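These protein sequences, in sequence, are chains Y and S. The first sequence begins at 2 in my numbering and counts up by one. The second sequence begins at 2 in my numbering and counts up by one.
Honestly, I wouldn't trust all of these hints.
Claimed, not checked - The list that follows gives simulated cross-link-like pairs (lysine to any residue, SDA-like), each with its CA atoms no further than 20 Å apart:
| no. | chain 1 | residue 1 | chain 2 | residue 2 |
| --- | --- | --- | --- | --- |
| 1 | Y | K148 | S | P160 |
| 2 | S | K65 | Y | N70 |
| 3 | Y | K65 | S | E67 |
| 4 | Y | K130 | S | Y156 |
| 5 | Y | K65 | S | G23 |
| 6 | Y | K130 | S | Q154 |
| 7 | S | K130 | Y | P160 |
| 8 | Y | K130 | Y | T92 |
| 9 | S | K65 | Y | F68 |
Derived by calculation from the structure, the hints in this document are not laboratory data. The model shown is predicted, which means the values in this text are computed figures rather than measured ones.
2 protein chains.
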Amino acid sequence: MNYETIAQQVLKRIFIELEASGRHVHVTGQQALALFGHPLTPKRPLSQPGQYLANERVTVIGPKGEFQNVAVLGPERPEGQVELSMTDARTLGISAPVRLSGDIQDTPGATLRGEQGEVTLLHGVIVAKRHIHMTPEDAKVMGVSDKQVVRLQTYTARPLVFDDVVVRVSPKFETYVHLDYDEANACGFQAGDLGRILQ
Amino acid sequence: MNYETIAQQVLKRIFIELEASGRHVHVTGQQALALFGHPLTPKRPLSQPGQYLANERVTVIGPKGEFQNVAVLGPERPEGQVELSMTDARTLGISAPVRLSGDIQDTPGATLRGEQGEVTLLHGVIVAKRHIHMTPEDAKVMGVSDKQVVRLQTYTARPLVFDDVVVRVSPKFETYVHLDYDEANACGFQAGDLGRILQ
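Using the sequences plus the hints, can you model the full thing?
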């Protein structure tokens, strides 16, 4: 190992790369058929293993507005879900709560429109709660465990410390911080920026 | 003084009320005449003494989009200025830097359209740098001075600590933290929420 490799490994024990998630939708297999006439097809992989951006796009419709050309992420899930920023939710006129992905009980709904049809979700619209995906190896090195809530310093153009950041540990993950675009803009995020857990 | 009054005075030495500033425009007297055919007229006062929301509204036009019905704040200023969130700036296609209000050297421009005409600003489009307006009395109590950069803990639905918050002290001010809507949404701000300077 050369110095550069060693330096990178040391830095990876301290810093975590930030990612900003734009508004996006998850659908079930049946919803994909109703919206597009066929299952989702992968366009490009995302940072989390097995997850992908689909070629298919939808319009998300709320009482006050709509967003066209919204990303659909695959693979299909057991329940449909729409992840927005608070700014987006206000534009659509939907009072979406801040939740971890998948935690959609008692959340409001929205209508999705695809090339082949419309699907109305009775619930599933959330503002994604900021979180860190982490491998078990990185969790061990950083001294954190699944579901632990930590504070995260951002090394960004408008630096800040996010309180209440949930760590999710799984061998299925790669280690990344996920922010929504309100949070990304608030800290002046640019691609490649790093954060650090404060103990 | 009753207990409630005393409690309030003690709390005011510790906490500062947060305010979120939406996108808005400042204009010169000449620009107001060109846009509206008359000087600005006050609709309602803002938290900072002498500042007001005008009855007049403008459309702000950038290379990629426009916002209609944008607030104009009075009184008129020596230079025109457009204050956006990063989200807004992206929508308009303007690469606006993060600056304190009034610091518009080498910033991009935009076109304003009013009822009576259009004005093109050659520069003046900024993302407002977060800041605290503070009275000299509160600055003394809180142990900070003009232009000091502090860290601010928010007591909000999505709590966080903003680094790099500039304190502006003047007898013309009332004491408030000013955030833009990206920052307000990132911390889950609701009207009346408080912050505290971390020393």
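Hint check results:
no., hint, verdict
1, K148/Y with P160/S, "18 Å, holds"
2, K65/S with N70/Y, "17 Å, holds"
3, K65/Y with E67/S, "19 Å, holds"
4, K130/Y with Y156/S, "17 Å, holds"
5, K65/Y with G23/S, "19 Å, holds"
6, K130/Y with Q154/S, "19 Å, holds"
7, K130/S with P160/Y, "12 Å, holds"
8, K130/Y with T92/Y, "19 Å, holds"
9, K65/S with F68/Y, "17 Å, holds"
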